[in-house]
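**Student:** Residue numbers (this note's numbering), protein chains in the order written: chain Y, 7 to 97; chain W, 18 to 341.
The reader is advised that the hints may include incorrect statements.
[Said to hold, decoys possible] Once the Cα atoms are required to be at most 20 Å apart in a straight line, the calculated SDA-like pairs of lysine to any residue come out as: (1) K212/W - K91/Y; (2) K91/Y - L23/Y; (3) K190/W - L23/Y; (4) K212/W - D51/Y; (5) K311/W - R322/W; (6) K157/W - R93/Y; (7) K190/W - R27/Y; (8) K77/Y - K311/W; (9) K212/W - H88/Y; (10) K212/W - E57/Y.
[Unchecked claim] Examples of chain Y residues toward chain W, derived with CB under 7 Å: (11) L41; (12) G45; (13) I68.
[Claimed, not checked] Label-pair ranges, simulated between beta-carbon atoms: (14) L108/W - G49/Y: 44 to 50 Å; (15) D300/W - D87/Y: 55 to 61 Å; (16) P95/W - L41/Y: 54 to 60 Å; (17) G147/W - D21/Y: 45 to 51 Å; (18) R334/W - E76/Y: 31 to 37 Å; (19) I36/Y - R315/W: 42 to 48 Å.
It is worth saying that the hints were derived from the structure and are not from the lab.
None of the values given here were measured: they were computed from a predicted structure.
Quick reminder that beta carbons are idealized off the backbone N, C-alpha and C, glycines included.
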Amino acid sequence: MTGCSNRSDIIKDVDRLIKGRLPSSMRGIILTEDLPLLGEGLGLDSVGFVELFLMLEDYFGIRFPADLIEKGPLTVGSIIDHIYKARGPCT
Amino acid sequence: MTNKQFITEKEVSDWMRAGQGSSLRNISPCRIKWSRSIIDISSRPFSAIAMLDLPIALAAAGMFGRLSCRLSMFGPSPDEIRAFLGDGPNLDHAGISREITASAAKNMVLRSFVSRAGLEGLAPFVRISGAEYLCRLHEKRLPAVLVFGHNGPIPGILAGLYRLDIPVLVMKKRNTVAHPIPPNISYCFTEGGLKNRALALKLAIDRLRSGGVVLLALWGDGSSKKDAVEFMERNIFFWPGFTAAARVSGAPVIPVFPRWRQGRQFIDLHFYDPLPLPDYPPDAGDIFDRALIKEAARWLEARIRSVPGQIQLNQLRSFLADRR
């Protein structure tokens, strides 16, 4: 995926990509922007979480800095915000 | 200091004064190397010094290669060795027990020495072999994952990589780093929860994708977890971070094993051929990771069985607690 993005498009893509990575028991979850990506939120272990991160990086053609994890809190919404800022809005 | 069999009390006092109380920082490794002396810290006056500063007494004694303090309280019994390795025709359980005790003492000394002299101070004591492949990878800026067990004189790995001048990110379970960190080495720690493990793994993969080297311990614990693999006739869980890092980045996994040279203060550091990567695509995820962990566990078991005296005491006790 290249170029700019509308926030609503990013939300749809992130929702689809995250759900595709979740354990089958979590597939029915409704993703809200305040849902934490780590811990109980998505039921991912550290490897699963980083794989999701890398997949989002590759899909949107951006890099998430490590301090995004370090500083936290990392939520669905904060990831969407980071992607939106990194790609720039479509004008 | 010249070649003598014993160090005098005055010399030790002079060291202590020179180091403003208790430091070996001002004593060069070469000077220690050539002194060939013995300190028996179980006898006076060294017992008194040991009471004041055990690390300095052990460091002095150990770096002379003649540690003669009584350390039996640290060591495993021959029965523990038997419980761990079983009964083989050529297994000298008592001898292995003594070697583990000696290695534990040397490792204790080593930590103390490195905390004062740094990896730079240790580097002259490390004999490196098998690093040609790793160096070629580094020249081409290709990534590598290094895997080792919690065995042998582990700071020797870092001192060797310091000498090879290869940039390394070390993933450790917990922060026990007490030595000055040279510019080519950085650390991340996985203890403390999911966030720290995820952060360490992200840093590792970023480093691998840019052609770096990540040094990973193959660390294991309790057998109750569902992803345990067979290791030393036990079920041990090994953290799969390194396999994911290798899978995602395509980096070769190079095992490394440090060991004390018998009867000497030198560390032999050998880099082995890369582990065969599982014949699964990178998107095979868990299947790939599990197959690579099994391969790494097989490698580690072979090394431990060939040099059982190098296993770290805390690892031995941890594995013994995990009887199948």
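**Student:** Next, verify each hint and record whether it holds.
**Tutor:** Hints versus structure:
1. K212/W - K91/Y: violated (23 Å)
2. K91/Y - L23/Y: holds (19 Å)
3. K190/W - L23/Y: violated (31 Å)
4. K212/W - D51/Y: holds (10 Å)
5. K311/W - R322/W: holds (16 Å)
6. K157/W - R93/Y: violated (32 Å)
7. K190/W - R27/Y: violated (27 Å)
8. K77/Y - K311/W: violated (35 Å)
9. K212/W - H88/Y: holds (18 Å)
10. K212/W - E57/Y: With Cα atoms ~14 Å apart, K212/W and E57/Y stay inside 20 Å; holds.
11. L41: violated (15 Å)
12. G45: This hint holds: G45/Y lies near chain W, its Cβ roughly 6 Å from the closest one there, short of 7 Å.
13. I68: violated (13 Å)
14. L108/W - G49/Y: 44 to 50 Å: holds (45 Å)
15. D300/W - D87/Y: 55 to 61 Å: Cβ of D300/W to Cβ of D87/Y: about 28 Å, so the range 55 to 61 Å is violated.
16. P95/W - L41/Y: 54 to 60 Å: Holds, since P95/W and L41/Y (Cβ atoms, about 55 Å apart) stay within the stated range.
17. G147/W - D21/Y: 45 to 51 Å: The hinted range 45 to 51 Å holds for G147/W and D21/Y, with Cβ atoms some 49 Å apart.
18. R334/W - E76/Y: 31 to 37 Å: Holds - the Cβ-Cβ distance for R334/W and E76/Y, about 33 Å, lies within 31 to 37 Å.
19. I36/Y - R315/W: 42 to 48 Å: holds (44 Å)
Going down the numbered hints, you'll see the structure goes against 1, 3, 6, 7, 8, 11, 13, 15, while the others check out.
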